[in-house]
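Visitor: These are the residues of each chain, in order.
2 protein chains.
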Amino acid sequence: MISRKMSYLAKNGSAIRAMFEEGKEMAAKFGKENVYDFSLGNPNTPAPEIIRETAIRLLNESDPVFLHGYMSNVGYENVRDSIAADLNRRFGTAYDRKHLIMTVGAAGAMNVALKTVLDAGDEVVIQAPYFGEYNNYISNFEGVPVVISPREEDFSLNLSEMEQKIGPKTKALILNSPNNPTGVIYPEKDIIALADLLRQKQNQYGHAIYLISDEPYREIVFGDYEVPHLPDYYENTFVGYSYSKSLSLPGERIGYLLISPKMEDLDETVGAAAVANRILGFVNAPSLFQQVVACCADQTSDMGVYIRNREILYRELTAYGYQIVEPKGAFYMFPKCPIPDDKAFCQAAKKYRILIVPGSTFMGPGYFRLAFCVSEKTVLDSLEGFRLLAHEYGMN
Amino acid sequence: MISRKMSYLAKNGSAIRAMFEEGKEMAAKFGKENVYDFSLGNPNTPAPEIIRETAIRLLNESDPVFLHGYMSNVGYENVRDSIAADLNRRFGTAYDRKHLIMTVGAAGAMNVALKTVLDAGDEVVIQAPYFGEYNNYISNFEGVPVVISPREEDFSLNLSEMEQKIGPKTKALILNSPNNPTGVIYPEKDIIALADLLRQKQNQYGHAIYLISDEPYREIVFGDYEVPHLPDYYENTFVGYSYSKSLSLPGERIGYLLISPKMEDLDETVGAAAVANRILGFVNAPSLFQQVVACCADQTSDMGVYIRNREILYRELTAYGYQIVEPKGAFYMFPKCPIPDDKAFCQAAKKYRILIVPGSTFMGPGYFRLAFCVSEKTVLDSLEGFRLLAHEYGMN
Numbered sequence: 217m218i219s220r221k222m223s224y225l226a227k228n229g230s231a232i233r234a235m236f237e238e239g240k241e242m243a244a245k246f247g248k249e250n251v252y253d254f255s256l257g258n259p260n261t262p263a264p265e266i267i268r269e270t271a272i273r274l275l276n277e278s279d280p281v282f283l284h285g286y287m288s289n290v291g292y293e294n295v296r297d298s299i300a301a302d303l304n305r306r307f308g309t310a311y312d313r314k315h316l317i318m319t320v321g322a323a324g325a326m327n328v329a330l331k332t333v334l335d336a337g338d339e340v341v342i343q344a345p346y347f348g349e350y351n352n353y354i355s356n357f358e359g360v361p362v363v364i365s366p367r368e369e370d371f372s373l374n375l376s377e378m379e380q381k382i383g384p385k386t387k388a389l390i391l392n393s394p395n396n397p398t399g400v401i402y403p404e405k406d407i408i409a410l411a412d413l414l415r416q417k418q419n420q421y422g423h424a425i426y427l428i429s430d431e432p433y434r435e436i437v438f439g440d441y442e443v444p445h446l447p448d449y450y451e452n453t454f455v456g457y458s459y460s461k462s463l464s465l466p467g468e469r470i471g472y473l474l475i476s477p478k479m480e481d482l483d484e485t486v487g488a489a490a491v492a493n494r495i496l497g498f499v500n501a502p503s504l505f506q507q508v509v510a511c512c513a514d515q516t517s518d519m520g521v522y523i524r525n526r527e528i529l530y531r532e533l534t535a536y537g538y539q540i541v542e543p544k545g546a547f548y549m550f551p552k553c554p555i556p557d558d559k560a561f562c563q564a565a566k567k568y569r570i571l572i573v574p575g576s577t578f579m580g581p582g583y584f585r586l587a588f589c590v591s592e593k594t595v596l597d598s599l600e601g602f603r604l605l606a607h608e609y610g611m612n
Numbered sequence: 217m218i219s220r221k222m223s224y225l226a227k228n229g230s231a232i233r234a235m236f237e238e239g240k241e242m243a244a245k246f247g248k249e250n251v252y253d254f255s256l257g258n259p260n261t262p263a264p265e266i267i268r269e270t271a272i273r274l275l276n277e278s279d280p281v282f283l284h285g286y287m288s289n290v291g292y293e294n295v296r297d298s299i300a301a302d303l304n305r306r307f308g309t310a311y312d313r314k315h316l317i318m319t320v321g322a323a324g325a326m327n328v329a330l331k332t333v334l335d336a337g338d339e340v341v342i343q344a345p346y347f348g349e350y351n352n353y354i355s356n357f358e359g360v361p362v363v364i365s366p367r368e369e370d371f372s373l374n375l376s377e378m379e380q381k382i383g384p385k386t387k388a389l390i391l392n393s394p395n396n397p398t399g400v401i402y403p404e405k406d407i408i409a410l411a412d413l414l415r416q417k418q419n420q421y422g423h424a425i426y427l428i429s430d431e432p433y434r435e436i437v438f439g440d441y442e443v444p445h446l447p448d449y450y451e452n453t454f455v456g457y458s459y460s461k462s463l464s465l466p467g468e469r470i471g472y473l474l475i476s477p478k479m480e481d482l483d484e485t486v487g488a489a490a491v492a493n494r495i496l497g498f499v500n501a502p503s504l505f506q507q508v509v510a511c512c513a514d515q516t517s518d519m520g521v522y523i524r525n526r527e528i529l530y531r532e533l534t535a536y537g538y539q540i541v542e543p544k545g546a547f548y549m550f551p552k553c554p555i556p557d558d559k560a561f562c563q564a565a566k567k568y569r570i571l572i573v574p575g576s577t578f579m580g581p582g583y584f585r586l587a588f589c590v591s592e593k594t595v596l597d598s599l600e601g602f603r604l605l606a607h608e609y610g611m612n
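Those protein sequence lines, which keep their order, are chains C and F. Quick note on my numbering: the first sequence kicks off at 217 and runs consecutively. Quick note on my numbering: the second sequence kicks off at 217 and runs consecutively.
You may find that some hints are simply not true.
[To be verified] Straight-line distance between alpha carbons at most 25 Å, and here's what the computed BS3-like set of lysine-lysine pairs gives:
1) C:K566 to C:K552
2) C:K385 to F:K221
3) C:K245 to C:K566
4) F:K478 to C:K227
5) C:K227 to C:K559
6) F:K417 to C:K221
7) C:K417 to C:K385
8) F:K314 to C:K248
9) F:K478 to F:K405
10) C:K227 to F:K314
11) C:K417 to C:K405
12) F:K227 to C:K478
13) C:K478 to F:K221
14) F:K381 to F:K405
15) C:K567 to C:K240
16) C:K240 to F:K314
17) C:K417 to F:K221
18) C:K314 to F:K240
19) F:K381 to F:K417
20) F:K245 to C:K314
What the hints contain is simulated information worked out from the structure, not anything from laboratory work.
Please model the complete structure; the sequences and the hints are all you need to start from.
Guide: As structure tokens, then:
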């Protein structure tokens, strides 16, 4: 007698989260060091020391009524000023506090953006493979996901299919780069083409089509790749950001929603997003960590472990016969399964105490996602299992 | 071209929040000490010292990957164990971690509970006057609020009207005691009668009717009044709790949803609520403050200031001619306006630099809400203004 929609979702819960729970059980059974859990994007590298120092300093020096109190729903002024200044320094932009709403992580930011723009029945276009949770976020506001098929050769944007599928009901397009689950970064030329396409469709249908960019992995880039700053390319852009990955603070739920200064009806949109942040029950982003990230906006955790893990896994798994599009950012790769049934393959991996997530969870069946935000030791110790698994399926 | 629903809400935003912003502007203009801002439930009494000590100890002693990391969406096991033990000690109950989901404050808990039970068109019964935000929370899930008229003599439960208005579409009833905005505590005899009524209606209509109790003010009780622990009286009960008021941590967004062990389809309901917490974008309650409140669950801020403020304001305002139902808990009172137009009266109060919120915001037109979670000095300094305001309207 609970909600029919929730009853369905509870019965068909998140495969990733189920695996997280299963990983905990396996760790209890076999010992944590003997389970190779690549299932969840939970950074293994610690928050930088400056996070601890800053939090303690704020706790010691600030008035607790200020530090733990309500502020405007959009966040503290000084925090938004600091983050705007950091963005302006990095991207040559001219943001101010007005363009920033502090949020309960990027998941909060995405929900606020979608609530702000969607009416029931509105369509949201997403390039597969993608983080399956977007379907739930869209469904929270009675929107309809429109899935764009993967281009399996390089997981780049399938612009020709977007051209066909963006229609009169399209209200938004979600982009996620560096991408979960593929690690792909969409290059500038594709962003320019996408922006042109969206502007043309806006003109054709006579209403705004919003680009909602989910950027928790912005700081995690391998080599010299550039992640284009989307508001530079397209006016009606929201950017959801999180410090979960860049500062290894996923449990603290701290991020922001950036609203382009060139957004149509800017003031109304900002006002509506502030209301959305309040009425969805977030009220405001956690106060202490707002102040902490404001002091540390230009810092990141040590990304060295992700660089090494990516190198080892890409090199070794390729050598074992796995087909992988080389990840350029984030801490995921998305290898092809040797059989069409990705669920069966991920099940088989458990024999080797390897936890990986079926690609169908990401609208990318036939693949698996490997989250390599784990220790280097876990990576090294897992290799024999990956080799045996490949052997079992005749890949080498 | 944003969402029509949000465009409407942004234009008709929260009167309380608008006043909070106006209060900041007035403070900048006249000096903070010359503005008597009774508009927002932002505790003025600081968090107890143990909060600072515990947070610093945890930051110094815990592995940051654990302290700031993801945990199960329902919260850390040790945190839920501590809170269950604290509840069991206080209420003689037998809760365990399974019955608790850590949430982003009580606002998060209410949204999780409503998402868990509501399908589009389901009705939610609420006793007026009430926190207007409930309307938005219900509307988030396409539910329909059904308002029960106030019993103005004492703001007690209007059980006879509930009897008439609870119908086949009723899926839930929201209760808030100690009450915002009246400070009323619903006594045990009324809770027993309400539970009997809900059980009878469940039988009549053949489906569960959920009691969703919003209890951020549970710890703020004046004199010897008892706040009945609702799961003791009614099976299908959710309790949303927040440490915002009891520990003066409103900005940190930390609370929990308690699900009665006697809930119909308990496992499915708990599972669905965990999914709701995740997909609404909360993901989990902020991690550091989960651990902080687990260590401080039996503590509260110094409530002395609320006791003194209530005494002074009730005594003096009554003497000036205001009609007030004496508050028994929370830090609000809900005096009657001398004119039917509560908005005009609250506007007039600004002349005396007094900020109060029109009762119509709480579905209680003709009254005003006074949040006395301010300093005693603010209360004392405001009195002359309240006296002059009463005089202006011929109340004395």
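Visitor: It remains to establish, for every hint, whether it holds in the given structure.
Guide: Each hint tested on the structure:
1. Restraint check: the Cα-Cα separation between K566 of chain C and K552 of chain C comes to about 17 Å, which is no more than 25 Å; the hinted pair holds.
2. Only pairs whose Cα atoms come within 25 Å are accepted, and K385 of chain C paired with K221 of chain F is accepted, the gap being roughly 17 Å.
3. This hinted pair checks out: K245 of chain C and K566 of chain C have alpha carbons roughly 13 Å apart, not beyond 25 Å.
4. Between the alpha carbons of K478 of chain F and K227 of chain C the distance comes to roughly 21 Å, so the proposed pair stays at or under 25 Å and holds.
5. Taking the CA atoms of K227 of chain C and K559 of chain C, the gap is near 17 Å; set against the 25 Å cutoff, the hint holds.
6. For the hint linking K417 of chain F to K221 of chain C, the alpha-carbon distance of about 24 Å falls within 25 Å, and the restraint holds.
7. With a C-alpha separation of about 11 Å, the suggested pair K417 of chain C and K385 of chain C falls inside the 25 Å cut-off, and the hint holds.
8. This hinted pair checks out: K314 of chain F and K248 of chain C have alpha carbons roughly 24 Å apart, not beyond 25 Å.
9. For the given pair, K478 of chain F sits about 21 Å from K405 of chain F by alpha-carbon distance, which is consistent with the 25 Å threshold.
10. Restraint check: the Cα-Cα separation between K227 of chain C and K314 of chain F comes to about 18 Å, which is no more than 25 Å; the hinted pair holds.
11. Proximity of K417 of chain C to K405 of chain C is assessed by CA-CA distance (about 18 Å); at most 25 Å being required, the pair is judged to hold.
12. In summary, the hint linking K227 of chain F to K478 of chain C is supported, as the alpha carbons are separated by about 21 Å, within the 25 Å threshold.
13. For the hint linking K478 of chain C to K221 of chain F, the alpha-carbon distance of about 23 Å falls within 25 Å, and the restraint holds.
14. Simply put, K381 of chain F and K405 of chain F have alpha-carbon atoms about 21 Å apart, close enough for the 25 Å limit, and the pair holds.
15. For the suggested pair K567 of chain C and K240 of chain C, the alpha carbons sit about 16 Å apart, so the restraint of at most 25 Å is met.
16. Between K240 of chain C and K314 of chain F, the direct Cα distance comes to roughly 16 Å. Compliance with the 25 Å bound is thereby established for this hinted pair.
17. For a cut-off of 25 Å, the pair hint linking K417 of chain C to K221 of chain F stands: about 24 Å separates their Cα positions.
18. As the CA atoms of K314 of chain C and K240 of chain F are separated by approximately 16 Å, the hinted pair is consistent with the 25 Å bound.
19. Between K381 of chain F and K417 of chain F the alpha-carbon distance is near 11 Å, which keeps this suggested pair within the 25 Å criterion.
20. A distance of roughly 21 Å separates the Cα atoms of K245 of chain F and K314 of chain C; the hinted pair therefore holds under the 25 Å criterion.
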